[in-house]
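Peer 1: Please construct the entire structure, taking both the sequences and the accompanying hints into account.
The residues making up each chain are set out below.
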Amino acid sequence: MSDMSVVVSNSLFLSAVLFTIGVLGVMIRRHPVIIFMCIELMLNAANLALVAFNDYHYSKAWPALDGQVYAFMVIAIAAAEVAVGLAIIVALFKRRERVDVDEINLLRG
Amino acid sequence: MSIELIGWWLMAAIAVVSAIGMLSARNPVHSVLWLVVNFTSLAVIYLIHSAPVLFAIQLIVYAGAIMVLFLFVVMFFMSPQARQWLRPALKGQLVLGGILVVAFLLLIIWGVGASGMGIVFNTPLIEGASLATDLTAGAGMGDPRPLGWWLFSNHVLPFELTSLLLLIAMIGALMVARDLKSEGRAIVPETAPVVSDEDDEQEVLA
Amino acid sequence: MPQDILLILVRGVILVVVCLTAFAYLTYLERRVLSWFQWRVGPNRVGPWGLFQPIADGVKAILKQELIPRRADKVLYLIAPIISFSAAFTMFSLIPVGERVFLTDLPIAVLVFLGLSSLAAYGVILAGWSSQNRYSFMGALRSIAQVISYELGLGLALMVPVMIVGSLKITDIGNIYRAETWHPAYLFVLLPAGVLFLVSAMAETARIPFDLPECESELVTGFHTEYSSLKYAMFPMGEYMGMSAMCAIAVHFFLGGYLLPAIGGVDLTNWVGLIVGNPDAVWGPQEGYWTVVSLSALGLSTTLTFVAKTLFLILIFMWIRATEPRFRYDQLMQFGWKVLLPAGLVLVFLAALFVVLMPDLGGGAQSTMEVSMYVPR
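Chains as they are written, first to last, in the numbering used here: chain A, 3 to 111; chain B, 2 to 207; chain C, 1150 to 1526.
Among the clues, some could well be false.
Unchecked claim - Simulated restraints on C-beta separations:
| no. | chain 1 | residue 1 | chain 2 | residue 2 | range |
| --- | --- | --- | --- | --- | --- |
| 1 | B | I21 | C | A1210 | 36 to 44 Å |
| 2 | B | V17 | C | I1154 | 25 to 33 Å |
| 3 | C | Q1214 | B | L165 | 51 to 59 Å |
| 4 | B | G112 | C | I1211 | 54 to 62 Å |
| 5 | C | P1491 | B | W111 | 26 to 34 Å |
| 6 | B | M171 | C | F1201 | 49 to 57 Å |
| 7 | C | F1461 | B | L165 | 37 to 45 Å |
| 8 | B | W111 | C | V1166 | 49 to 57 Å |
| 9 | C | S1366 | A | H59 | 54 to 62 Å |
| 10 | B | F77 | C | I1469 | 50 to 58 Å |
| 11 | C | R1220 | A | I79 | 35 to 43 Å |
| 12 | C | P1491 | B | L108 | 44 to 52 Å |
Claimed, not checked - Listed below are several chain C residues computed to face chain B (Cβ distance under 10 Å; list not exhaustive):
| no. | residue |
| --- | --- |
| 13 | L1178 |
| 14 | E1179 |
| 15 | V1259 |
| 16 | V1261 |
| 17 | A1270 |
| 18 | Y1271 |
| 19 | I1274 |
| 20 | A1294 |
| 21 | S1316 |
The set of hints was computed from the structure by calculation and includes no laboratory data. As the structure is a prediction and not an experimental result, all values here were calculated from the model. We treat Cβ as the ideally placed atom computed from N, Cα and C, and that holds for glycine.
Peer 2: This is how it looks when you write it as structure tokens:
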């Protein structure tokens, strides 16, 4: 049993723990920015699992790097998501003093 | 224990501590910084998993660009004195959330264990063939070219679509964050020709 | 393995010592150069020609009283100078300084360099925010916007040589400039890309036409207004190290790195390399001792070339500081987004055209890997 395969299985559990912390944050926090950051944490936990799977399934016979490519795409899409999400939050801050996800229930400002 | 394993445990500890720190910090700026620490430690774990390009991209995009944007918004719009967003909206939300989350975590771990992955994953599929040894045997540790080949051969279409998505997101963000009411006196000065400025003034005067 | 680690440690210590000395004498050089531009004398009292002035400055900075504002966010206030200082030093560890003289030569050095240059901004941002001072805070906000905007120009400019060579390794980049692979047509993209890089680097390190985060006529001294003593001194240290690292990268990407100039199609590096770097070819098989001597001669000559080129770029930075007035903030943003970014995109497009039209480019860096192994199923 080599050290690297220990790292792979450990990374899966680390990914689970980080994802759970992100879920907890979405459940107990009310500020949109903090919730948004927790979503980013969950995305990163998923990325970690993808990279770990890639490391495990790589072989000479089939040198696939799909896991890393997916993680790459996730990062790119997360960048787009953050740009739009933060723009919405900025628009909210401009319209009202107090921002609370429980009070945002209208589609128009 | 090899250097990789020691490094992994160190980074994993930092990642968990910083994730909890992000959640429990009272000051939103501290939250953002804890998340930066978390993303940096994840970047090092990617490096341990022989994903050097993702290590660099994580540093540039996540730690360097996305979190700086978060920091900008938090510094600009959130008062560090405001505490009301820390209080849960419902009674017992914290306790209930904690219980549900622990249940969720146990579910995932049980799932991994029940599928036998926890055990299978301790032995490589093909003995001696791993990403790390392969890359080191090639053009040296951390060669970015394999990922490039894979990305631009098998995944060209998703890659190009991602660029389109980024463009759309950029335009969308501009439109959403634009302040329609104070358009005339925007912070960014007008680049429109002088004639239209005069028009605006006349409208205001009228 | 232990010898390897020891070797890395020794090289690291040498790097730090050299960098700190270089920083001290860069401040001296900048003061002398500025005074020369401004028709005055400059520091000339401590030691011969004022050469001990940096030491006096250092002692003074250390002995000053250390003040921490009461309302400051203590932890971040203390971490901020460390971040900006250590990020700049780490950048230096990525850069080779001579033929076979380097601390690391990573295959993804360019990406790591870009990542570090964006992480260095956290030092400035946190310093400004944690001081709880309006002026410092304005400096921090300006720094965020400026760094995000000019990073794009920086990255796009670096991508031009990277695309031509087909490698992210810094020592491979120099291969464009070797006499046998150089093509005059490269100048059409490399020259504008070099200018673009230098301008973006100036903004990224907040040098004078772009020093809005510290702008003393509007913000006292901006983000480090509340800092004193050694903690204050660490910001200029980070700034100078960052500037030198940017210049060093610019030398590698746009001025031929540590290669000696090629005269009339004869590459002096190869020439020196033939005589002193490859003694076996000239004098027949040599013993180990002579190989060491000749290799160090090659390393020394290339290192000196590299230092001279870097110093030349640093002097250009100082020249610009002495002659150019500061941008207004909106001009800064417009320049970054409406001039540099489109220019960078056009250059990357042109470089892509080069790669398509002239497939055998860049000193054969692409062909060093077993490509067939990675072709998909």
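Peer 1: Work down the list of hints and note, for each, if the structure agrees.
Peer 2: Do the hints match the structure? See the list:
1. I21/B x A1210/C: 36 to 44 Å: holds (38 Å)
2. V17/B x I1154/C: 25 to 33 Å: 29 Å Cβ-Cβ, so the 25 to 33 Å window holds.
3. Q1214/C x L165/B: 51 to 59 Å: holds (58 Å)
4. G112/B x I1211/C: 54 to 62 Å: holds (58 Å)
5. P1491/C x W111/B: 26 to 34 Å: About 54 Å separates the Cβ atoms of P1491/C and W111/B, which means 26 to 34 Å is violated.
6. M171/B x F1201/C: 49 to 57 Å: holds (53 Å)
7. F1461/C x L165/B: 37 to 45 Å: Cβ of F1461/C to Cβ of L165/B: about 43 Å, so the range 37 to 45 Å holds.
8. W111/B x V1166/C: 49 to 57 Å: Given a distance of about 55 Å, which is inside 49 to 57 Å, the answer is holds.
9. S1366/C x H59/A: 54 to 62 Å: holds (60 Å)
10. F77/B x I1469/C: 50 to 58 Å: 31 Å Cβ-Cβ, so the 50 to 58 Å window is violated.
11. R1220/C x I79/A: 35 to 43 Å: holds (40 Å)
12. P1491/C x L108/B: 44 to 52 Å: holds (51 Å)
13. L1178: violated (31 Å)
14. E1179: violated (28 Å)
15. V1259: holds (9 Å)
16. V1261: holds (5 Å)
17. A1270: Holds, because the Cβ-Cβ distance from A1270/C to chain B comes to roughly 7 Å (cut-off 10 Å).
18. Y1271: Hint on Y1271/C: holds, closest Cβ of chain B at ~7 Å, below 10 Å.
19. I1274: Result: holds, 6 Å to nearest chain B Cβ.
20. A1294: holds (7 Å)
21. S1316: Given a least distance of 8 Å, the restraint on S1316/C holds.
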